[in-house]
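A.B. asks: Using the sequences and the hints given, assemble the complete structure.
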Amino acid sequence: MDALALEAQDKMGKSIESYEGALRKLRSGRANPAILSGIMCDYYGDKMDISSLCAISMPEPRQLLVRPYSREDLKTVAAAIGAANIGVNPQVEADAIRIIIPPLTEDVRKDIAKQAKGLSDEAKVAIRNIRRDYLDLLKEDDSMSDDYKERVEDDIQKIVDDTNKKIDAILAEKQQEIMTI
65 MDALALEAQD KMGKSIESYE GALRKLRSGR ANPAILSGIM CDYYGDKMDI
115 SSLCAISMPE PRQLLVRPYS REDLKTVAAA IGAANIGVNP QVEADAIRII
165 IPPLTEDVRK DIAKQAKGLS DEAKVAIRNI RRDYLDLLKE DDSMSDDYKE
215 RVEDDIQKIV DDTNKKIDAI LAEKQQEIMT I
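Note that the sequence shown covers residues 65 to 245 in the working numbering.
No lab work stands behind these hints, which were simulated from the structure alone.
The structure displayed is predicted, hence computed values, not measured ones.
Think of the CB as a built atom: it goes at the ideal place given N, C-alpha and C, for glycine as much as any other residue.
Worth double-checking, as some hints may not be accurate.
What the hints assert, rightly or not - Ranges of calculated distance between the beta carbons of each label pair, as one might list FRET restraints: (1) 157 - 222: 48 to 56 Å; (2) 214 - 89: 37 to 45 Å; (3) 155 - 196: 47 to 55 Å; (4) 243 - 102: 23 to 31 Å.
C.D. replies: Next up, the structure:
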């Protein structure tokens, strides 16, 4: 396989990793510490990620326990979780924040499955954009023969097809997880 095709494959792999990271943030009926990733807390005037200020554990399948490293941060972390609009209500205890993940209704499950499908479509668009960029590079380069360009185009298309199959498989698995009660 050509170096250009391998480079395209590497970029598409990174797109899949990004897609999987976005899917981890979606709620499925179980508690998942990843739903808190990306929540920014006010820390003495600066914004910091919640994972750098707290230890997050999962004592039960539908429960998260967030323990700030400093007790002074308890209220700001709870306020940030409440403001994040992730569908949970943080309960402040003595030195921790307990988050009980409510069971999902059928309508909410369908909405979350639609969000997962939307993320899938975005990932596929990113893959197509990568393909377009590399095909444009091939067209601009006059030092390669037409046969060689066709071979590289075929390699890139095979990589795109494989990547789209991976995205579809990941989506099917996530939708199954979301729809499971």
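A.B. asks: Tell me the hint numbers this structure goes against, listed in increasing order.
C.D. replies: none
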